[in-house]
Every structure is written in structure tokens, then in C-alpha cells.
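Q: Sequence:
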Amino acid sequence: MNESTCRACGKPIIWMKTKAGRTMPCDARLQLYWQSDEGSQRILTHAGELKRCELHGIPEEASGMGRTPHWGSCAQPDQFRKRGKANEPGRV
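Take the sequence shown: its position 62, counting from 1, is numbered 1093 in my numbering, and each next residue is one higher.
A few of these clues could be false.
Computed list of lysine-lysine pairs in DSS-like fashion (alpha-carbon distance at most 30 Å, straight line) [unchecked claim]:
{"#": "1", "residue 1": "K1082", "residue 2": "K1048"}
{"#": "2", "residue 1": "K1082", "residue 2": "K1050"}
{"#": "3", "residue 1": "K1082", "residue 2": "K1042"}
I should point out that these hints are in silico values taken from the structure, not numbers from a laboratory.
Work out the full structure, taking the sequences as your base and the hints as a guide.
A: Written out as C-alpha cells, the structure reads:
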């Protein structure tokens, strides 16, 4: 994990590896999570698994701890989204 600062919003982030070997910017703060197939949130575990979850619940019943992907809390996430060739100007 590499600590850094988001170039868009200035918040502290940590770059974590996913199971697929890709790096993902995550909020620096560790977060309790409650795994749920219908969860509205995502969490990246230290094992590199991105899981659906909820971020509120009874602490004793938490599934574990992880970090939330920074694109969910960044004030300017579109600044870093990759655009496909179909989205380039002049393409149909």
C-alpha cells in the first residue's frame, strides 16, 4: 500500500492492489463493513477482494475491515475516468 494525496480533491488516499493485480485508490481510513449481496456500497479488503456491503451496523456483527474506493467519495471523480474510443470527439 502506498499513501498519497488525491490530485483532484486533496484528501489522503492509499493505493491498494486488487486480486486481479490492478491498483485502486482507496480512502485512507479503515472502515468496518457488513457484507451484503444487496449492499449499496463497495469495500476493498486487504486480500484484494472488492465486496458489496453496507457501512453501518452493529460493530460486533461486522464482516471485517477494509477501505472504500476513493471514487465514491472524491469531489471530482470524473477527472480520472478513462474514456473509450466511442466517447472521443468526432466518433459515432
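Q: So which of the earlier hints does this model not fit?
A: Result: no hint breaks.
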